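Residues per chain are reported as follows:
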Amino acid sequence: MTAVPVVRIRNALVAAMQEDIDDRSALDLADRLATEVAAHGAGLVLLDVSAAQVVDSFISRVIVDIAQVCRLLGAQVTVVGIRPAVAITLVELGLTLEGVRTALTIDDAMDAAEEGLGGDVRLG
Amino acid sequence: MATSDSVETLPLNGSDDVVRARHRVRALATELGFDLVAQTRIVTATSELARNTHLHGGGGELTLSEVRDNRRRGLRLVFADDGPGIPDVQTALSDGWSSRGGLGLGLGGTRRLVDEFTIESVPGEGTRVEIVQWLKQR
Chain D
1 MTAVPVVRIR NALVAAMQED IDDRSALDLA DRLATEVAAH GAGLVLLDVS
51 AAQVVDSFIS RVIVDIAQVC RLLGAQVTVV GIRPAVAITL VELGLTLEGV
101 RTALTIDDAM DAAEEGLGGD VRLG
Chain G
1 MATSDSVETL PLNGSDDVVR ARHRVRALAT ELGFDLVAQT RIVTATSELA
51 RNTHLHGGGG ELTLSEVRDN RRRGLRLVFA DDGPGIPDVQ TALSDGWSSR
101 GGLGLGLGGT RRLVDEFTIE SVPGEGTRVE IVQWLKQR
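Those protein sequences? They're chains D and G, same order as listed. In this text, residue positions in the first sequence follow our numbering: the first is 1, and each later residue adds one. In this text, residue positions in the second sequence follow our numbering: the first is 1, and each later residue adds one.
Zero decoy hints are in this set.
What follows is a list of derived Cβ distance ranges for each label pair: (1) G:THR63 to D:ARG24: 24 to 30 Å; (2) D:ASP108 to G:SER94: 34 to 40 Å; (3) D:LEU104 to G:HIS23: 22 to 28 Å; (4) G:GLY58 to D:GLY99: 31 to 37 Å.
Note that these hints are calculated values from the structure, not bench results. Note that the coordinates shown come from a computational prediction; the quantities given were computed from them, not determined experimentally. Heads up, the beta-carbon is just placed ideally off N, CA and C, and yes, glycines get one too.
Please model the entire structure based on the sequences and the hints provided.
Okay, structure coming up:
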């Protein structure tokens, strides 16, 4: 297992998934994000997947779970930087990360959060 | 009838093996000349099926081979286990069956990612899934 680092920037937590995340590391990240959101009262979680070459049904499910758990804890999750080939494959698999906000870049995600608009406002 | 060469076998007994299988398949797909989207499809299919072999099949192995027929070349992957098998393959292949349970088999979606998909499963004996991705002619 390789732990995904979680960095705190003001009111936000930023986690960047590595190129090839294994299942246990993904579940571990989900648990730590929930704990850290509660501990720091974070309002925003940015999940950077720009390095991920593969997002399969398991990782997709973990991402949706992270978004729902964090929403219950008062934080909004934005998935950042999905690669085009990954987006195509996800749709073909029938996985569309329903209800999860997305942004192309961290800057876009932060801008949208500051403005309190942009993207899909529903979560979960 | 397609012929095959350069056969290679990898174990699938843990989540680290799933990661290794993804790496090996990506390397081979790149070597064969698949474009990025095709690579992503086959590596994602590998991830789904390797996880099934490991989690639901109780471990098994992946056999990789390069295949060719008269017109084209491709990559064939066989995921085999001696696990409990799937009682109702048709239901397991239908969309939504996997998502209902959350972390299910995802066979229906995986089938859409590849050119050929064959599954044989005997309750009490095991499951064998074979997929083939052909290199598109340019």
